[in-house]
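*Asks:* Taking the hints into account, I'd like the entire structure generated from these sequences.
Chains as they are written, first to last, in our numbering: chain Y, -9 to 279; chain L, 82 to 600.
The hints are simulated quantities; they were obtained by calculation from the structure and are not laboratory data. Just so you know, these numbers come straight off a predicted model, no measurement behind them. Only true hints are included.
Restraint ranges, calculated between C-beta atoms of paired labels, are given here: (1) L:585 <-> Y:111: 43 to 51 Å; (2) Y:262 <-> L:491: 33 to 41 Å; (3) Y:35 <-> L:347: 47 to 55 Å; (4) L:161 <-> Y:42: 42 to 50 Å; (5) Y:262 <-> L:471: 46 to 54 Å; (6) L:148 <-> Y:66: 51 to 59 Å; (7) L:299 <-> Y:42: 32 to 40 Å.
Heads up, the beta-carbon is just placed ideally off N, CA and C, and yes, glycines get one too.
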Amino acid sequence: MAKRDDAATEAETTGHEWDGIEELNKPLPKWWLWTFYATIIWAIGYWLLMPAWPLVSTYSKGLLGYSQRESVQEQLDAAKAAKAAYRQKIAASDLAAINNDPELLSFALAGGEAAFGDNCAPCHGRGAQGAFGYPNLRDDSWLWGGTLDAIHQTITHGIRANDPETRSPGAQMPAFGKTGVLNEAQIADVDEYVLSLSGRADDQTAADRGAKIFASTCAPCHGPDGKGNQKIGAPDLTDELWLYAGDKATIAATLRGGRGGVMPAWGGRLDPETIKELAIYVHSLGGGQ
Amino acid sequence: MIIDKVHNGPDGIAVPGNVPVVRMAEAAPGVERSEAPTIERTGKSLYVSRVKVYPKRAHGTFRTVKWIVMAVTLSIYYLVPWIRWDRGPYLPNQAVLIDFPSRRFFFFFLEIWPQEFYYVTGLLVLAALGLFLATAIAGRVWCGYACPQTVWTDLMIAVERFFQGDRNARIRLDKAPWTFEWVWRKGATHLTWLLIAIATGGAWVFYFADAPTLARQFLHFDAPMIAYVFVGLFTATTYLLGGIAREQVCIYMCPWPRIQGGMIDHDSLLISYRAWRGEPRGPHKAGQSWEGHGDCVDCRQCIAVCPTGIDIRNGSQLECIQCALCVDACNEIMDKVGRPRGLIAYDTIRNLQAPGSEILPVPWFRPRVVLYATLMAIVGLIMLTALMLRAELEVSVLHDRNPVYVKLSDGGLRNGYTLKLLNKRYEPRNFRIGISGLAGAKLTIVGHEHETDPVITVAPDELQPIRVYVALDKAGVRALAKEDEDEDEAESVEFYFTVTDTKDGNFAEHKANFQGPER
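*Replies:* Here you go:
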């Protein structure tokens, strides 16, 4: 279709036509066209100055040598420098002092939360709610103590870890069934007794039989009343919280095969300030004593 | 009704480009005929070159109104950041301040927090509706009088006229060789434009920081980099858009002219040439009868004063910003030739199309005028109500999600929450936190575990998050379950956090849920 003058508008058409619909020629200003060319020239300049072209094993670096990686590193370094003053204070203060200073506390909590997500969450869960065999750090029951110092000690040296000061080196819940100390009938009786400690026994006569075995075999660690012992990490058997589930079958399995959870020592792996922040953070989760 | 038309010469033949048509010294006795061409933005090519517009100085009512509007709007723009407003010792005392670092917008008595941005949205809705209303009533009044592009362009043209003279002198200067006169006149014009542009950019940044402090920093060349960047940016755009691009912005860059068409109706007042009075147009000789002769003497003064270089006699056009300067120009001529004023005037399409010379009254109560006005009133009322009911203390509650609840050794349950206390007063305040509607619950505030009567201090105009735990023992959980449903443990029970100002008892509460294991 050729260009023609449109009668209704007295203007020229571009000559483009789609199903009988024609386009009027509304000329673009030339500066607009030049602006378009200018953006192309700008793009060429950008290619030369900035990293732009992918090459086989690398990319064109650009004359300005700009790198996003370096830019990020600079920002990280700047953030680190900004944190330095607080970290020095944390290094110099003891845990109680940090906990009582609102400014240091909020810094430690933020740092502790980040460190927890990176290092602790894989076992204890992102919300520190724990899992089967991994303690819930938010409740009010502690195997090894819930004071700031006790938590700090546990994080630094771990539990049954490769560390000279670790918690409970070489000691654990023995495998009474496997080693033949208790037979299946005795295990069933002890099981019933342990359930009775939290008021859940089905068979009181079996529980009474189990009580005798408990007094001689279990009480040395868990105490005569089953309240446990934080010095050696023996759990309180009378409360409603269970590291390994508290049902009859799981308690029997524990009696048969024993338990000995391990927590790594973080002393050599995290710097002392971060461990302090972690102790403060875990202490703040609701169970701190 | 926005139609591009090719200009028709007096003989009815389309005249391409900007070739001046018939040249005559006088259109009427004592009335000079301008050679101002109608600038046509059509052609055979897909691209058109820009034809420079040399707007002539107009005199009259609308020119005066435009000077006043310019003075008022520019004064508002330049002076508002310097108005002080006392907000006490803790907060900035600048009346209008957009405080990005602390995420606040101060506007005299009003202070907008980030979560209250709907006030700004409401203001923008009001502004849009106001624009619609104004357009429905009187066409592009915004474009013609108040748009920053119009105001600054008008200012830049005034500067140009001051140094280079009026229309004809400017045309002569542009054609003249590079003499000393050329250099100083042009140089002074551009230098003044740049100074205005710098002042424009300079005023802009004062809205975002304490004006006197920033001004001192500028004087000592130690202002923040971002301030210089924005001054530079606004200097460049003001110089470029107001000084150089001018009408090109309105015609090619601005979307508003395209929207106008849908906003006006047959009763909107638009700058119009009353063809029924003006035609047949033509030069008028002394002593000649007006019988059979239109009032338009074809002096082309309306074209000479037009800042976009169009001929209003061709009807309503996209390029027309309705600045009414052609009305002033034409009225002046009508006075000279002894014909009534108003050959070019604000008139409605209905009047223009009506037969006869009677000018009908404008019906104000039209659906769209009433609709826009009503919508404005409703939005304004909603905003005013929201503003009146705005609390000085707000609480929001975030329930811990991971985990939702924690089982305790005695068989009880504990839920964790983050409370956010918003103190909107300009002074520090102390609050007591409590709970209601959850019998037997124990509240612990993190960081205040060992206090018997914990008090939380919130800094002036700040948000303070606090961590709290709510615990129920086993008996409490059971009682709750009985109350709720006859089940063993509760899944979710509603209760309230209460926050009370220790000094004056100002009170706020927020609903929360206490959750347990799923049943």
